[in-house]
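A.B. asks: In case you want the letters, here they are:
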Amino acid sequence: MSEPAAKKEQYSVIGKSVPKVDAYDKATGRARYTGDLKVPNALVGKILRSPHAHARIISIDTSKAEQLPGVKAVITAKDVPSVMYGISPARYDENIFAVEKVLYVGDKVAAVAAVDEETAVKALNLIDVEYEVLPPVLDPFRAMDPDQPQLHEQYPRNISVEIHQNFGDVDKALADAYHVRTDTFSGTRAAHVPMEPHAALSKWEGGKLTITCSTQSPHYFQYHIARVFGLKMGDVRVLKSYVGGGFGGKLEPSGAEYVSAALAMKTGRPVKLVFDRWEVFVHHRGRHPQHITLTTGVTKEGKLLGCHARFIIDGGAYTSLGIASAYYAGAMLPLIYMFDHYRFDGFRVHTNLPSCGAQRGHGAPQPRFAFESQLDMIAKDLGMDSIDIRLVNARKPDTMTPNEFKVNSCAFTEAIQKARRISGWDEKKGKLASGKGIGIGCGGFISGNGYPIYRTRLPHAGAVIKVSEQGDIATLYTGAVDIGQGSDTVLAQMAAEAMGIDFEDIKLVTADTETTPHDFGAYASRQTLMSGWAVKEAGEEVRRQVLELAAEMLEANVEDMNVDRRVIYVKGSPEKSIPFERVANEFFITRGPLVGRGKYAPPKLGGSFKGAPVGTSPAYSFAAQISQVETDEETGQVMVTDVWDVHDCGQVINPTLLHAQVEGALFMGMGEAMYEAMVFDANGKPLNANLGDYRIPTALDVPQVVSDLVDSYEPAGPWGVKEVGEGATLPTMGSYANAIYDAIGIRIYDMPLTPEKVWRAIEQRKRQEREAAEKK
Amino acid sequence: MIVPEFDYLTPQTLNEACALLGEYGSRAKVLAGGSDLVVKMKNGLLKPDYIVSLKNLQDLKGIRYEAGTGVIIGARTTHNRVVENEILRERFPSVSAAAGTMAAYQVRNIGTIGGNLVNAVPSADMPPILIALSAKARIVGLSGERLVDLEEFFLGPGKTVLNQDEILAEIIIPDQATTGSSYIKFGLRRAGSLAVAGVASSVMMDGEMAEDVRIVLGAVAPTPLRAREAEAVLRGKKVSQELIEQAGKIAAAESKPITDIRGSAEYRRHLVDVLTRRTLKTAIEKGHV
Numbered sequence: 207m208s209e210p211a212a213k214k215e216q217y218s219v220i221g222k223s224v225p226k227v228d229a230y231d232k233a234t235g236r237a238r239y240t241g242d243l244k245v246p247n248a249l250v251g252k253i254l255r256s257p258h259a260h261a262r263i264i265s266i267d268t269s270k271a272e273q274l275p276g277v278k279a280v281i282t283a284k285d286v287p288s289v290m291y292g293i294s295p296a297r298y299d300e301n302i303f304a305v306e307k308v309l310y311v312g313d314k315v316a317a318v319a320a321v322d323e324e325t326a327v328k329a330l331n332l333i334d335v336e337y338e339v340l341p342p343v344l345d346p347f348r349a350m351d352p353d354q355p356q357l358h359e360q361y362p363r364n365i366s367v368e369i370h371q372n373f374g375d376v377d378k379a380l381a382d383a384y385h386v387r388t389d390t391f392s393g394t395r396a397a398h399v400p401m402e403p404h405a406a407l408s409k410w411e412g413g414k415l416t417i418t419c420s421t422q423s424p425h426y427f428q429y430h431i432a433r434v435f436g437l438k439m440g441d442v443r444v445l446k447s448y449v450g451g452g453f454g455g456k457l458e459p460s461g462a463e464y465v466s467a468a469l470a471m472k473t474g475r476p477v478k479l480v481f482d483r484w485e486v487f488v489h490h491r492g493r494h495p496q497h498i499t500l501t502t503g504v505t506k507e508g509k510l511l512g513c514h515a516r517f518i519i520d521g522g523a524y525t526s527l528g529i530a531s532a533y534y535a536g537a538m539l540p541l542i543y544m545f546d547h548y549r550f551d552g553f554r555v556h557t558n559l560p561s562c563g564a565q566r567g568h569g570a571p572q573p574r575f576a577f578e579s580q581l582d583m584i585a586k587d588l589g590m591d592s593i594d595i596r597l598v599n600a601r602k603p604d605t606m607t608p609n610e611f612k613v614n615s616c617a618f619t620e621a622i623q624k625a626r627r628i629s630g631w632d633e634k635k636g637k638l639a640s641g642k643g644i645g646i647g648c649g650g651f652i653s654g655n656g657y658p659i660y661r662t663r664l665p666h667a668g669a670v671i672k673v674s675e676q677g678d679i680a681t682l683y684t685g686a687v688d689i690g691q692g693s694d695t696v697l698a699q700m701a702a703e704a705m706g707i708d709f710e711d712i713k714l715v716t717a718d719t720e721t722t723p724h725d726f727g728a729y730a731s732r733q734t735l736m737s738g739w740a741v742k743e744a745g746e747e748v749r750r751q752v753l754e755l756a757a758e759m760l761e762a763n764v765e766d767m768n769v770d771r772r773v774i775y776v777k778g779s780p781e782k783s784i785p786f787e788r789v790a791n792e793f794f795i796t797r798g799p800l801v802g803r804g805k806y807a808p809p810k811l812g813g814s815f816k817g818a819p820v821g822t823s824p825a826y827s828f829a830a831q832i833s834q835v836e837t838d839e840e841t842g843q844v845m846v847t848d849v850w851d852v853h854d855c856g857q858v859i860n861p862t863l864l865h866a867q868v869e870g871a872l873f874m875g876m877g878e879a880m881y882e883a884m885v886f887d888a889n890g891k892p893l894n895a896n897l898g899d900y901r902i903p904t905a906l907d908v909p910q911v912v913s914d915l916v917d918s919y920e921p922a923g924p925w926g927v928k929e930v931g932e933g934a935t936l937p938t939m940g941s942y943a944n945a946i947y948d949a950i951g952i953r954i955y956d957m958p959l960t961p962e963k964v965w966r967a968i969e970q971r972k973r974q975e976r977e978a979a980e981k982k
Numbered sequence: 022m023i024v025p026e027f028d029y030l031t032p033q034t035l036n037e038a039c040a041l042l043g044e045y046g047s048r049a050k051v052l053a054g055g056s057d058l059v060v061k062m063k064n065g066l067l068k069p070d071y072i073v074s075l076k077n078l079q080d081l082k083g084i085r086y087e088a089g090t091g092v093i094i095g096a097r098t099t100h101n102r103v104v105e106n107e108i109l110r111e112r113f114p115s116v117s118a119a120a121g122t123m124a125a126y127q128v129r130n131i132g133t134i135g136g137n138l139v140n141a142v143p144s145a146d147m148p149p150i151l152i153a154l155s156a157k158a159r160i161v162g163l164s165g166e167r168l169v170d171l172e173e174f175f176l177g178p179g180k181t182v183l184n185q186d187e188i189l190a191e192i193i194i195p196d197q198a199t200t201g202s203s204y205i206k207f208g209l210r211r212a213g214s215l216a217v218a219g220v221a222s223s224v225m226m227d228g229e230m231a232e233d234v235r236i237v238l239g240a241v242a243p244t245p246l247r248a249r250e251a252e253a254v255l256r257g258k259k260v261s262q263e264l265i266e267q268a269g270k271i272a273a274a275e276s277k278p279i280t281d282i283r284g285s286a287e288y289r290r291h292l293v294d295v296l297t298r299r300t301l302k303t304a305i306e307k308g309h310v
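Chains as they are written, first to last, in my numbering: chain A, 207 to 982; chain B, 22 to 310.
Bear in mind the hints are in silico, worked out from the structure with no lab data behind them.
The reader is advised that the hints may include incorrect statements.
For each label pair, taking beta carbons as the anchor points, the in silico distance ranges come out as [to be verified]: (1) A/238 with B/111: 45 to 53 Å; (2) B/230 with A/974: 36 to 44 Å; (3) A/847 with B/29: 47 to 55 Å; (4) A/896 with B/168: 35 to 43 Å; (5) B/108 with A/896: 35 to 43 Å; (6) A/639 with B/111: 34 to 42 Å.
EDC-like, lysine to aspartate or glutamate: derived pairs with alpha carbons at most 16 Å apart [to be verified]: (7) B/50 with B/229; (8) A/642 with A/836; (9) B/68 with A/324; (10) A/891 with B/281; (11) A/972 with A/848; (12) B/259 with B/281; (13) A/642 with A/840; (14) A/612 with A/708; (15) B/270 with A/840; (16) A/634 with A/839; (17) A/963 with B/287; (18) B/63 with A/546; (19) A/777 with A/766; (20) A/328 with A/375; (21) B/63 with A/482; (22) B/61 with A/766; (23) B/63 with A/324; (24) A/963 with B/281; (25) A/328 with B/26.
Heads up, the beta-carbon is just placed ideally off N, CA and C, and yes, glycines get one too.
Go ahead and model the full structure; you've got the sequences and the hints to work with.
C.D. replies: See the structure below:
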């Protein structure tokens, strides 16, 4: 499956670490994010949010707020469409403003538009809301009890998603196994914490709504906003300015857009609405805390035979993207190791806490932590090395998972072996000084989703390239969304490579539903592969047209023509050449605009069982991560000193950006492993919804990272590419937990690995050892 | 998250500043670095009508040594100046090191040592080491000035002995016979985290004998707390591993921690034990003040 090395060297633009197209603007502060935009006559929008986790709204009196000078509009549920929104029609369960009940601290109740922020805040304080406080449901296990209050009429026992998938004969596989273990693990409500908060600037002019916002997907925003307001999609334009991170939290409208749009429609003036940090936390839509029970059986040699996975997933107040998260939780589990028998039972449960949704690795990181931990425990039970048991089970190329995901390229075995080598595993495992340890965790992820979020026949990506009349530059029009990860740069490299011109020749118009071709956006690690295919096709159409004309001009056969870095020449006769721009200019003069078009739709993927589309992808990445830790056994403090990540991500377009993605994903996994969890008081009020008390790793906390690659080529990707942006989040929690076990023999089953938790586990072990000694 | 309206006052002298504070009473707040004040105002926890900025009072800035008195630190000195100052690094390196554990580099460029003390947060990092070194506060008010042992300065969370018209002008670390000191902060990340517990120890060694010992606990009581019974275990004794361990246990018992989102009372008490032992060992073995 590997592409010959000689061919790789022929590439002129891809495979090179060109600087990001926006590096200068971002480094100098010139980049303008939505919150920085200044528009004449604009008002400031602010949302009044519920102080209660669960309450009935008795009355809302906005009269005092309306009378405050400078206030231009005060709106509540009665002023906006009552159309509910969400992700899948069966689970549209959210309103712009709460209608009867508020379901979490932070639920949207009303909003104001005023001439400035100060007036808007004053006005919020003048809105009188009378609540009847109801007992909150805070525990996902208790939430399913029949005596508990029900949050939504349509979800009996507060269960909004229930999944049962069964492949092969798990009971028989477990009965036949030499060794079976059942263990329970749990994760936390970790948050995305994008540097830029959610923000939207809405204009309503001549029956057309234009929303500039911080978004991962202008298309989905356009679709949902048009539906809620009853507008034609063509009358809703969604575009972005610079986006300061998404991580899944900006894939669905946050309310900033709905509310600013409603205020703009009411006042006839532009309205800008920017969340503050507390709002970003309570709006959440981040990681679901999952409680995962795995029963896994192996042969004497450590070969996995079957697994039964059970999930209780705390979804918070609304469904959001959580139906997908719940399916992903189980669907991704059999991806990286080969076994035939798999059953997965999942319940996503509502609580009066912030709603959970999509976050980097979507549903998969916590189950992966559980599986990687249990696999190490099984290896220990069998007396096997942690890496050896992974090599026994590692997925092979051109195989199919039990839930019918087709894997093409797969250099997972090579990635594990390389990680073993570069980390010095064999010299370190079990041999490090007291308190030091080394552990492995692995992962794998999709390279784009096989099916979009709502049913549509639209292709997943489109691209147009227009070469200038002089032929000196080419503009790439793509709906792909650069949220900081660098897709603009990577796609510009791809466009230049496909056309045979230079990276510097490419201009970009991106992520605007009006001016760029449709693309589903930045999520599911899809753009390099999917948007990349559309860009490649568009670039190649330009190239073909240029070469046809050049062949005429040079009186040569078109099949003998080539173009590289702006020089068009006849193969074998390099003296017969002509500059790209001369041919492009001649093309415009004699034939009209020189335009290339491309689109990408994945082939039909996956099985036909219920939920089969979730987790399907044209290609899958694989990764092995080895972490080394030092622990302070007196305090329980754990320091991760080194991490080695080896990724199988297909052909690399921009190595610097790729390694930055690996590091970012790994650090995010580290945060979830070591620090991050939203916590609440007994009434469901958040206790750490700020950047001081909700700790993400700082530059001082992160370990030394060696990010390395294995040679890989993916036939389903343009130039052989596949995923990198999310995959490195998956192995981290497991590799840390396993390294801690190697260091001090303590197994932690629930995230995060806080010093106090590690200390308590050490104390408990000491107690047990004492008791055992006393018995003797 | 917007700062409410206020009048901004910029006195030219310390006396003028005290007069303004005396006149406006609780309606006024002092602004130095603002790293606590402005955050509280943004979060709506404080709504002063007057901000009395100390920015023109240059005398309150800087670090100097006066023979016979000690090292004098102006209240407006930023944390990073305390970290980098050569006089402190030479005479009281444990103070510089403690300042380096605070907040994050950017905040240390703005926040001041005086602000850290006056704010009187139980988890503050500077009080334990300064009290361990018998530091004093020079306080200036309308009726003159007074020197207060820093140990007596704190009354409770957010409460100090300062009267409404008074300003903390300087911190004085006196010349002393102390031979070693150390502060260890236990935070949950390497920057931008509050102490779960913090312990400072200072010792005056005479050969193997601990002539004097001071142990001060942070973040485990409403104010910084001298662990006097733990000190007594070592004072006047020949130091030994056993005595250090005993001191750790007693210090833990003397602490009065609470449970909050950063840690349980039980864990904090345990940390006091560990950190007391570790700071004592460093103070005794490494022997620098």
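A.B. asks: Keeping to a limit of 16 Å between CA atoms, is the pair of residue 63 of chain B and residue 546 of chain A held or broken?
C.D. replies: This hinted pair is violated, its Cα atoms lying about 57 Å apart.
A.B. asks: Does 45 to 53 Å hold as the CB distance between residue 238 of chain A and residue 111 of chain B, or does it fail?
C.D. replies: Holds: the Cβ-Cβ distance is about 48 Å, inside 45 to 53 Å.
A.B. asks: Would you check the hint for residue 61 of chain B and residue 766 of chain A, treating anything up to 16 Å between C-alpha atoms as holding?
C.D. replies: The given pair, whose Cα atoms are some 72 Å apart, is violated under the 16 Å limit.
A.B. asks: Is residue 259 of chain B close enough to residue 281 of chain B, meaning Cα to Cα at most 16 Å?
C.D. replies: 38 Å, violated
A.B. asks: Does the Cβ-Cβ separation between residue 639 of chain A and residue 111 of chain B fall within 34 to 42 Å?
C.D. replies: With Cβ atoms ~35 Å apart, the hint holds.
A.B. asks: Take the C-alpha atoms of residue 63 of chain B and residue 324 of chain A, compute the straight-line distance between them, and say whether it is at most 16 Å.
C.D. replies: With Cα atoms ~11 Å apart, residue 63 of chain B and residue 324 of chain A stay inside 16 Å; holds.
A.B. asks: Taking only the CA atoms, is the gap from residue 891 of chain A to residue 281 of chain B under or equal to 16 Å?
C.D. replies: 14 Å, holds
A.B. asks: Keeping to a limit of 16 Å between CA atoms, is the pair of residue 50 of chain B and residue 229 of chain B held or broken?
C.D. replies: 49 Å, violated
A.B. asks: Given the proposed pairing of residue 642 of chain A with residue 840 of chain A, does the C-alpha separation stay at or below 16 Å?
C.D. replies: 14 Å, holds
A.B. asks: Between the alpha carbons of residue 270 of chain B and residue 840 of chain A, is the straight-line distance 16 Å or under?
C.D. replies: 14 Å, holds
A.B. asks: That 35 to 43 Å hint for residue 896 of chain A and residue 168 of chain B (C-beta), does it hold up?
C.D. replies: With a Cβ separation near 38 Å, residue 896 of chain A and residue 168 of chain B satisfy 35 to 43 Å, so the hint holds.
A.B. asks: Are the Cα positions of residue 634 of chain A and residue 839 of chain A separated by 16 Å at most?
C.D. replies: 19 Å, violated
Hint compliance for this structure: hints 7, 11, 12, 14, 16, 18, 20 and 22 are not met, and every other hint is.
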